[in-house]
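Chemist: Each chain, written out:
There are 2 protein chains.
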Amino acid sequence: MQSFQPPRRVLMGPGPSDVSPRVLAALSRPTIGHLDPVFQGLMEDIKSGLQRLFNAPDHACVPLPAPGTAGMEAAIMNLLEPGDRAVIAVNGAFGGRMADMADRAGATVVTVDHEWGTPVDAARVEAALAEAPTKVLAFVHAETSTGVRSDAASLCAVARRHGALSIVDCVTSLGGIAVDVAGWDADLVYSGTQKCLSAPPGLSPIALSKRAQAAISARKTKVRNWLCDFNLLMSYWGGDGGRTYHHTAPINALYGLHEALVVLFEEGQQAAIVRHARLHEALVAGLEGAGLKMLVAPKDRLPQLNTVLVPDGVDEAAVRTHVLANWDLELGAGLGPLKGKVWRIGLMGASATPWHVRLCLTALCEALAAQGFKADVKAALAASDAKLAA
Amino acid sequence: MQSFQPPRRVLMGPGPSDVSPRVLAALSRPTIGHLDPVFQGLMEDIKSGLQRLFNAPDHACVPLPAPGTAGMEAAIMNLLEPGDRAVIAVNGAFGGRMADMADRAGATVVTVDHEWGTPVDAARVEAALAEAPTKVLAFVHAETSTGVRSDAASLCAVARRHGALSIVDCVTSLGGIAVDVAGWDADLVYSGTQKCLSAPPGLSPIALSKRAQAAISARKTKVRNWLCDFNLLMSYWGGDGGRTYHHTAPINALYGLHEALVVLFEEGQQAAIVRHARLHEALVAGLEGAGLKMLVAPKDRLPQLNTVLVPDGVDEAAVRTHVLANWDLELGAGLGPLKGKVWRIGLMGASATPWHVRLCLTALCEALAAQGFKADVKAALAASDAKLAA
Numbered sequence: 003m004q005s006f007q008p009p010r011r012v013l014m015g016p017g018p019s020d021v022s023p024r025v026l027a028a029l030s031r032p033t034i035g036h037l038d039p040v041f042q043g044l045m046e047d048i049k050s051g052l053q054r055l056f057n058a059p060d061h062a063c064v065p066l067p068a069p070g071t072a073g074m075e076a077a078i079m080n081l082l083e084p085g086d087r088a089v090i091a092v093n094g095a096f097g098g099r100m101a102d103m104a105d106r107a108g109a110t111v112v113t114v115d116h117e118w119g120t121p122v123d124a125a126r127v128e129a130a131l132a133e134a135p136t137k138v139l140a141f142v143h144a145e146t147s148t149g150v151r152s153d154a155a156s157l158c159a160v161a162r163r164h165g166a167l168s169i170v171d172c173v174t175s176l177g178g179i180a181v182d183v184a185g186w187d188a189d190l191v192y193s194g195t196q197k198c199l200s201a202p203p204g205l206s207p208i209a210l211s212k213r214a215q216a217a218i219s220a221r222k223t224k225v226r227n228w229l230c231d232f233n234l235l236m237s238y239w240g241g242d243g244g245r246t247y248h249h250t251a252p253i254n255a256l257y258g259l260h261e262a263l264v265v266l267f268e269e270g271q272q273a274a275i276v277r278h279a280r281l282h283e284a285l286v287a288g289l290e291g292a293g294l295k296m297l298v299a300p301k302d303r304l305p306q307l308n309t310v311l312v313p314d315g316v317d318e319a320a321v322r323t324h325v326l327a328n329w330d331l332e333l334g335a336g337l338g339p340l341k342g343k344v345w346r347i348g349l350m351g352a353s354a355t356p357w358h359v360r361l362c363l364t365a366l367c368e369a370l371a372a373q374g375f376k377a378d379v380k381a382a383l384a385a386s387d388a389k390l391a392a
Numbered sequence: 003m004q005s006f007q008p009p010r011r012v013l014m015g016p017g018p019s020d021v022s023p024r025v026l027a028a029l030s031r032p033t034i035g036h037l038d039p040v041f042q043g044l045m046e047d048i049k050s051g052l053q054r055l056f057n058a059p060d061h062a063c064v065p066l067p068a069p070g071t072a073g074m075e076a077a078i079m080n081l082l083e084p085g086d087r088a089v090i091a092v093n094g095a096f097g098g099r100m101a102d103m104a105d106r107a108g109a110t111v112v113t114v115d116h117e118w119g120t121p122v123d124a125a126r127v128e129a130a131l132a133e134a135p136t137k138v139l140a141f142v143h144a145e146t147s148t149g150v151r152s153d154a155a156s157l158c159a160v161a162r163r164h165g166a167l168s169i170v171d172c173v174t175s176l177g178g179i180a181v182d183v184a185g186w187d188a189d190l191v192y193s194g195t196q197k198c199l200s201a202p203p204g205l206s207p208i209a210l211s212k213r214a215q216a217a218i219s220a221r222k223t224k225v226r227n228w229l230c231d232f233n234l235l236m237s238y239w240g241g242d243g244g245r246t247y248h249h250t251a252p253i254n255a256l257y258g259l260h261e262a263l264v265v266l267f268e269e270g271q272q273a274a275i276v277r278h279a280r281l282h283e284a285l286v287a288g289l290e291g292a293g294l295k296m297l298v299a300p301k302d303r304l305p306q307l308n309t310v311l312v313p314d315g316v317d318e319a320a321v322r323t324h325v326l327a328n329w330d331l332e333l334g335a336g337l338g339p340l341k342g343k344v345w346r347i348g349l350m351g352a353s354a355t356p357w358h359v360r361l362c363l364t365a366l367c368e369a370l371a372a373q374g375f376k377a378d379v380k381a382a383l384a385a386s387d388a389k390l391a392a
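If you read the sequences in order, they're chains A and B.
One gets this note's numbering by counting positions in the first sequence from 1 and adding 2 to each.
One gets this note's numbering by counting positions in the second sequence from 1 and adding 2 to each.
Simulated from the structure, these hints should not be mistaken for laboratory data.
Do not take every clue at face value.
Identical copies look the same in the list; a pair holds intra-copy or inter-copy alike.
[What the hints assert, rightly or not] Using 30 Å as the maximum straight-line C-alpha spacing, the simulated DSSO-like pairs for lysine-lysine come out as follows: (1) 301 with 222; (2) 295 with 49; (3) 380 with 224; (4) 376 with 295; (5) 222 with 137; (6) 137 with 224; (7) 295 with 212; (8) 376 with 137; (9) 222 with 389.
Make the full structure from the sequences, and use the hints.
Modeler: Below you can see the structure in the form of structure tokens.
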């Protein structure tokens with residue numbers, strides 16, 4: 003067993019994205035104790051940073067000590083008790099996962115199923131909510147499996163109209179498109195660090211409304227998940243009342259998240275959102291210049307996760323293998339019904355730069371040519387560059 | 003919000019311990035994708051490294067993507083279903099936590115309570131198992147809250163005699179005293195990274211016997227915890243049958259664990275155990291030379307976690323504040339019934355060196371003197387040095 007030295011990679015899949023040297027450097031700062039007064043200061047700084055990031059000044063915001071999936075599980079497990087009714091919009095892999103978890107929480111689960119590649123339909127969701135008293139409406143803001151954006155503001159409003167709490171999956175949206183928790187009046191929002199925040203995977207920032215906190219306090223049964231029990235978690239992260247030992251925080255990972263927040267705030271959240279949008283347009287122009295087509299309708303596209311249809315006769319996996327072998331470039335494969343039918347190209351955080359777009363177009367055209375598909379790299383780059391210059 | 007620069011600290015509390023520069027450097031290597039073929043090689047390397055570390059060649063060994071508490075929760079949630087009987091030995095804070103989790107799993111929980119500071123009594127545990135058919139016996143090998151070692155071999159044998167599966171908490175023992183999963187014939191063993199492995203907190207290595215795997219396969223209900231559902235986790239970490247996407251592994255944290263394993267195997271596991279034992283003897287000699295007394299009887303002491311009684315008239319917290327302020331030295335406080343009555347001094351992994359012992363004795367004597375307790379630092383160091391030289 004010898005020390006591991008990772009190869010150079012350019013990360014343009016569905017996450018993780020490229021992690022900036024500043025965040026990598028933060029990870030390797032000396033570990034201090036999780037009960038150290040200085041570390042408590044860091045925790046407070048992260049809490050207020052997350053409130054700013056989510057635009058959730060009145061929500062309780064903390065990072066869970068596990069990947070984004072833990073945020074999903076914590077949301078479901080804390081807000082649902084056996085017998086509660088949950089309406090879950092499913093328009094990709096992650097909505098389906100929420101439904102599985104809600105079932106494990108003992109809830110009565112009603113899914114509103116959509117074709118993959120389409121956004122959640124607020125009218126159909128509202129119809130499901132109107133059928134019976136419902137505790138929770140859960141949906142995915144930015145479906146990583148399809149590259150589709152749903153209208154979180156409308157869906158949260160639907161939940162409010164029917165007295166349901168809203169759970170919003172913002173794993174892929176946060177930092178790449180607007181996440182406006184206060185504006186949406188959302189109840190429980192969670193995310194991950196390895197998408198548009200460009201920190202390594204392993205933490206799940208969450209925001210919890212006062213309504214959600216009251217609902218958790220009013221539970222009749224204990225939360226089934228001890229590690230993600232918000233009553234315990236919030237005591238550990240709590241400010242005024244001191245801190246109660248719960249778990250041992252992943253200290254160095256939190257250094258990384260903190261630095262990622264500093265980097266993002268230096269750029270400006272709005273500037274980062276504009277950057278994602280511009281590079282998305284440049285990428286799409288280039289892909290279309292190369293003769294490729296997108297899965298998702300223009301109005302529903304996520305800038306940070308681009309699903310590109312695999313042309314007839316092209317071996318999807320061979321293309322990814324080619325770009326990895328020849329360009330150290332990681333692209334994502336399709337999941338579920340989209341397996342073999344799309345590539346997923348991420349433009350997330352530090353991976354959303356003109357350099358990444360040009361490299362990706364160059365590598366992809368080369369790989370397609372090797373498969374006999376005529377993709378004109380000059381036309382692709384010209385179209386992309388023109389869009390960026392506009 | 004500005005970049006965070008941690009202060010220098012010497013970590014001699016109950017964990018985290020000092021992280022070696024090699025492990026810190028590994029954390030900051032560039033992030034690669036969790037589905038990258040090279041990363042899959044790293045995962046295989048970690049799996050076989052953990053089998054070696056646990057001495058569990060026939061167990062399935064993986065690191066969970068969350069702190070040691072996740073290992074505890076995964077163990078309880080995967081092996082227990084509603085209505086199952088669980089016997090849980092409680093001789094400190096972590097046995098009590100297991101009982102809470104087993105209750106959340108819907109199990110019928112029988113605790114066998116012990117005075118804090120004493121080891122688990124195998125005869126009393128056996129009596130509880132004899133009362134009714136029992137699915138699980140759970141206990142803590144090395145109680146971090148008290149510094150007590152229990153006899154894991156005997157307790158696992160008791161479980162086997164009564165047809166129960168054994169869950170063994172080795173969070174603090176692994177790497178510091180012998181953990182012999184095959185020799186014990188234990189079923190589900192979990193640990194953490196921030197104790198004697200001297201990696202940052204955030205991962206929980208576990209080992210799962212074939213019996214435990216069969217019991218999980220035979221469950222009538224789904225595991226309540228999705229993230230820690232071993233059926234899903236093992237598919238993600240699985241070798242031959244390929245990998246099924248589950249969560250996104252905490253890549254950089256796994257770089258750190260891998261390097262910590264390399265460091266430990268370079269030293270040799272037996273050599274590391276001997277080192278912990280020798281430095282423990284040197285520390286105890288020094289503490290006794292300074293006029294202090296230990297909580298735990300000599301035969302039950304953990305070398306890596308030393309509980310020292312606070313002398314009458316000494317302000318426990320003031321001493322910790324003094325050594326932190328003047329020596330950047332972190333010592334641990336007591337928990338639960340031991341709060342205010344003991345200090346917990348860790349000698350874990352990279353924090354188990356003669357330098358740490360001498361610094362600790364020096365700082366502690368100074369702080370005690372400031373409280374009016376006459377602690378002779380020269381006598382303490384002489385006693386400690388003599389023990390090390392012996």
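Chemist: Give a verdict on every hint.
Modeler: Hints versus structure:
For the identical chains of this complex, residue 301 and residue 222 are neighbours neither inside a copy (43 Å) nor across copies (45 Å), given an alpha-carbon limit of 30 Å. In this assembly of identical chains, residue 295 and residue 49 lie within 30 Å of each other by CA distance neither inside one copy nor across copies; the values are 41 Å within and 41 Å between. Taking the shortest alpha-carbon separations for residue 380 and residue 224, neither the intra-copy value of 61 Å nor the inter-copy value of 54 Å comes in at or below 30 Å. Taking the shortest alpha-carbon separations for residue 376 and residue 295, only the intra-copy value of 14 Å comes in at or below 30 Å, while the best inter-copy value is 80 Å.
Proximity of residue 222 and residue 137 under a CA criterion of 30 Å is satisfied in both settings, with 14 Å inside one chain copy and 27 Å between copies. In this assembly of identical chains, residue 137 and residue 224 lie within 30 Å of each other by CA distance both inside one copy and across copies; the values are 17 Å within and 22 Å between. Taking the shortest alpha-carbon separations for residue 295 and residue 212, neither the intra-copy value of 44 Å nor the inter-copy value of 49 Å comes in at or below 30 Å. Taking identical chains as interchangeable, the C-alpha atoms of residue 376 and residue 137 are never at most 30 Å apart, the minima being 53 Å within one chain and 63 Å between chains.
Taking identical chains as interchangeable, the C-alpha atoms of residue 222 and residue 389 are never at most 30 Å apart, the minima being 56 Å within one chain and 57 Å between chains.
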